[in-house]
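Going line by line, the protein sequences match chains A and B.
Mapping of the first sequence onto numbering that gives the first Met the number 0: position 113 corresponds to residue 112, and the numbering continues sequentially without gaps.
Mapping of the second sequence onto numbering that gives the first Met the number 0: position 158 corresponds to residue 157, and the numbering continues sequentially without gaps.
Treat the hints loosely; a few may be bogus.
Derived pair list, reagent style DSSO-like, types lysine-lysine, alpha-carbon separation capped at 27 Å [said to hold, decoys possible]:
{"#": "1", "chain 1": "A", "residue 1": "K81", "chain 2": "B", "residue 2": "K116"}
{"#": "2", "chain 1": "B", "residue 1": "K116", "chain 2": "A", "residue 2": "K132"}
{"#": "3", "chain 1": "B", "residue 1": "K212", "chain 2": "A", "residue 2": "K139"}
{"#": "4", "chain 1": "A", "residue 1": "K139", "chain 2": "B", "residue 2": "K116"}
{"#": "5", "chain 1": "A", "residue 1": "K183", "chain 2": "A", "residue 2": "K118"}
{"#": "6", "chain 1": "B", "residue 1": "K116", "chain 2": "A", "residue 2": "K71"}
{"#": "7", "chain 1": "A", "residue 1": "K220", "chain 2": "A", "residue 2": "K236"}
{"#": "8", "chain 1": "A", "residue 1": "K139", "chain 2": "B", "residue 2": "K213"}
{"#": "9", "chain 1": "A", "residue 1": "K132", "chain 2": "B", "residue 2": "K213"}
{"#": "10", "chain 1": "A", "residue 1": "K231", "chain 2": "A", "residue 2": "K11"}
{"#": "11", "chain 1": "B", "residue 1": "K116", "chain 2": "A", "residue 2": "K157"}
{"#": "12", "chain 1": "A", "residue 1": "K11", "chain 2": "B", "residue 2": "K116"}
{"#": "13", "chain 1": "B", "residue 1": "K116", "chain 2": "A", "residue 2": "K21"}
{"#": "14", "chain 1": "A", "residue 1": "K113", "chain 2": "B", "residue 2": "K213"}
{"#": "15", "chain 1": "B", "residue 1": "K51", "chain 2": "A", "residue 2": "K71"}
{"#": "16", "chain 1": "A", "residue 1": "K109", "chain 2": "B", "residue 2": "K116"}
{"#": "17", "chain 1": "B", "residue 1": "K212", "chain 2": "A", "residue 2": "K132"}
{"#": "18", "chain 1": "B", "residue 1": "K213", "chain 2": "B", "residue 2": "K158"}
{"#": "19", "chain 1": "A", "residue 1": "K139", "chain 2": "A", "residue 2": "K126"}
{"#": "20", "chain 1": "A", "residue 1": "K236", "chain 2": "A", "residue 2": "K11"}
Simulated from the structure, these hints should not be mistaken for lab results.
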Amino acid sequence: MKKEMIRLENLKKSFGELEVLKEVHLEVHESDVVVLIGASGSGKSTLLRCINFLEIKNGGKIFIEGEEVDPKTHNLNEVRQKVGMVFQHFNLFPHKTVLENVMEAPVRVKNQNKAEAQKEAQALLDKVGLADKANVYPAKLSGGQKQRVAIARALAMKPDIMLFDEPTSALDPELVGEVLATMKELAQEGMTMVVVTHEMGFAKEVADEVVYMHDGQIREKGKPDELFNHPKEERTKNFLSSIL
Amino acid sequence: MFDIAHILEVLIESYPLFMKGLWITLKLTIVSILIGTGIGLIFALFKISGIKILNWIANIYIALIRGTPLIVQIFIFYFGLAELGISAFWSAAFGLAMHNGAYIAEIFRGSIQSVDKGQTEAGRSLGMTYGLTMRRIILPQAFRRALPPLGNQFIIGLKDSSLASFIALSELFSIATTQGSRTFDEMTYLIIVGLYYLVLVLLFTLLVNLLEKKLSAGE
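Turn these sequences into a full structure, and let the hints steer you where they fit.
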């Protein structure tokens with residue numbers, strides 16, 4: 000049995016009157032790639048944001064690497080160091096160069112020595128194919144390049160889990176491939192990943208489990224082959240036929 | 000009335016006197032702007048803190064300052080602080096700093112709030128604390144955006160420092176009025192002091208523009 004990395008029990012989240020997550024249960028094990036799919040407004044992004052506490056749950060329990068994390072008593076900054084996040088709109092720091100973006104957190108949060116952090120940042124940029132862009136400002140990069148820098152920036156904290164919130168939705172179609180390739184490589188290296196995406200090709204090829212969300216609940220989950228080819232629920236079928 | 004030769008003559012003649020006043024005006028402006036910027040930043044952070052009592056403190060401070068004339072504030076500081084043995088210069092400096100601080104607080108609040116929320120989320124998601132995210136990620140971007148309105152406020156601060164003449168501080172304007180009434184040549188001295196302020200403001204504008212260029216890395 001692989002190590003449990005994330006467990007959500009009965010997770011609930013509301014924004015005012017609006018219930019966005021209703022009793023969600025989910026387990027993610029080490030090296031698993033879990034892809035969340037569903038229509039917009041189904042709660043996928045909120046679910047992801049609850050896992051690293053950018054949104055604070057209203058009910059239920061969140062376990063990270065076997066330990067329950069209570070936002071009231073836990074140091075969330077420490078938890079977040081273990082859980083990297085990649086955003087739809089990259090959110091690179093525009094006033095810092097690519098290299099500085101990647102080095103910022105290791106140096107400031109982990110107090111890593113600058114020379115060492117720079118070496119590691121360079122290696123990460125090399126890994127995502129952007130070694131030559133180290134001293135460029137984000138404004139000079141394409142969307143695909145920005146997102147790969149954002150991935151390198153998250154990896155610089157050496158997280159155990161990576162969350163991807165629609166990482167290719169803001170990209171021009173011709174730039175989607177390079178980001179997915181980087182993510183695929185990461186998956187093959189054994190990173191535990193939870194990915195919200197509309198890229199069904201990626202889900203089919205890379206996911207260990209595909210989770211279909213509707214109206215704040217997980218309606219169906221399974222291996223990509225099962226869920227895409229033999230969905231059990233009518234809703235899942237409708238959703239899949241609407242996007243494929 | 001506008002005898003240019005005469006104005007030039009007086010300008011050259013009065014130059015050493017005005018230089019003394021200029022020095023005091025500059026000191027007063029720089030000190031009050033520096034302290035005012037510090038005050039402004041603190042109250043801006045109070046306003047965005049989401050902590051009710053800090054919000055209240057900032058709101059009351061800003062309402063009091065914006066709701067009363069600067070000249071009243073300067074006199075209150077002057078008479079209030081004189082009792083504590085604080086000089087006219089420093090009471091004027093504090094008065095102007097408190098005044099500028101209220102406006103600068105609003106400038107900073109606006110520019111901090113204009114930075115995309117995603118920047119904070121990116122910082123926090125990397126494990127950075129609120130304070131660290133603010134200091135390393137948000138404030139540098141906010142400060143860059145605040146520069147044009149801040150420069151404007153600095154220019155207002157420079158010109159407002161002339162009100163310190165009312166508490167017997169021999170800055171530029173007070174030299175113009177005393178010289179003017181001494182020589183019965185008020186208009187000439189008023190034109191001259193106007194020129195001094197104009198040149199100062201133009202130099203200041205140039206400085207702010209240079210700083211803006213320097214800070215626009217990455218855009």
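Outcome of the hint check:
1. Pair hint K81 of chain A plus K116 of chain B holds up; C-alpha atoms about 22 Å apart against a cutoff of 27 Å.
2. Taken as a hint, the K116 of chain B and K132 of chain A pair is honoured in the structure, with Cα atoms around 26 Å apart against an allowance of 27 Å.
3. The suggested pairing of K212 of chain B with K139 of chain A holds, with an alpha-carbon distance near 18 Å, which does not exceed 27 Å.
4. Restraint check: the Cα-Cα separation between K139 of chain A and K116 of chain B comes to about 21 Å, which is no more than 27 Å; the hinted pair holds.
5. As the CA atoms of K183 of chain A and K118 of chain A are separated by approximately 24 Å, the hinted pair is consistent with the 27 Å bound.
6. As the CA atoms of K116 of chain B and K71 of chain A are separated by approximately 23 Å, the hinted pair is consistent with the 27 Å bound.
7. Proximity of K220 of chain A to K236 of chain A is assessed by CA-CA distance (about 13 Å); at most 27 Å being required, the pair is judged to hold.
8. For the given pair, K139 of chain A sits about 18 Å from K213 of chain B by alpha-carbon distance, which is consistent with the 27 Å threshold.
9. With a C-alpha separation of about 22 Å, the suggested pairing of K132 of chain A with K213 of chain B holds against the 27 Å cut-off.
10. At most 27 Å may separate the alpha-carbon atoms for a hinted pair to count; K231 of chain A and K11 of chain A meet this at roughly 25 Å.
11. The suggested pairing of K116 of chain B with K157 of chain A holds, with an alpha-carbon distance near 24 Å, which does not exceed 27 Å.
12. Between the alpha carbons of K11 of chain A and K116 of chain B the distance comes to roughly 23 Å, so the proposed pair stays at or under 27 Å and holds.
13. Distance hint between K116 of chain B and K21 of chain A is fulfilled; the C-alpha atoms sit about 26 Å from each other, no more than 27 Å.
14. A hinted pair counts as satisfied when its Cα atoms are at most 27 Å apart, and K113 of chain A with K213 of chain B qualifies at roughly 25 Å.
15. Taking the CA atoms of K51 of chain B and K71 of chain A, the gap is about 20 Å. The hint holds against a cut of 27 Å.
16. Taken as a hint, the K109 of chain A and K116 of chain B pair is honoured in the structure, with Cα atoms around 24 Å apart against an allowance of 27 Å.
17. Simply put, K212 of chain B and K132 of chain A have alpha-carbon atoms about 23 Å apart, close enough for the 27 Å limit, and the pair holds.
18. The suggested pairing of K213 of chain B with K158 of chain B holds, with an alpha-carbon distance near 26 Å, which does not exceed 27 Å.
19. With a C-alpha separation of about 20 Å, the suggested pair K139 of chain A and K126 of chain A falls inside the 27 Å cut-off, and the hint holds.
20. Between K236 of chain A and K11 of chain A the CA atoms are separated by roughly 26 Å; this keeps the pair inside 27 Å, and the hint holds.
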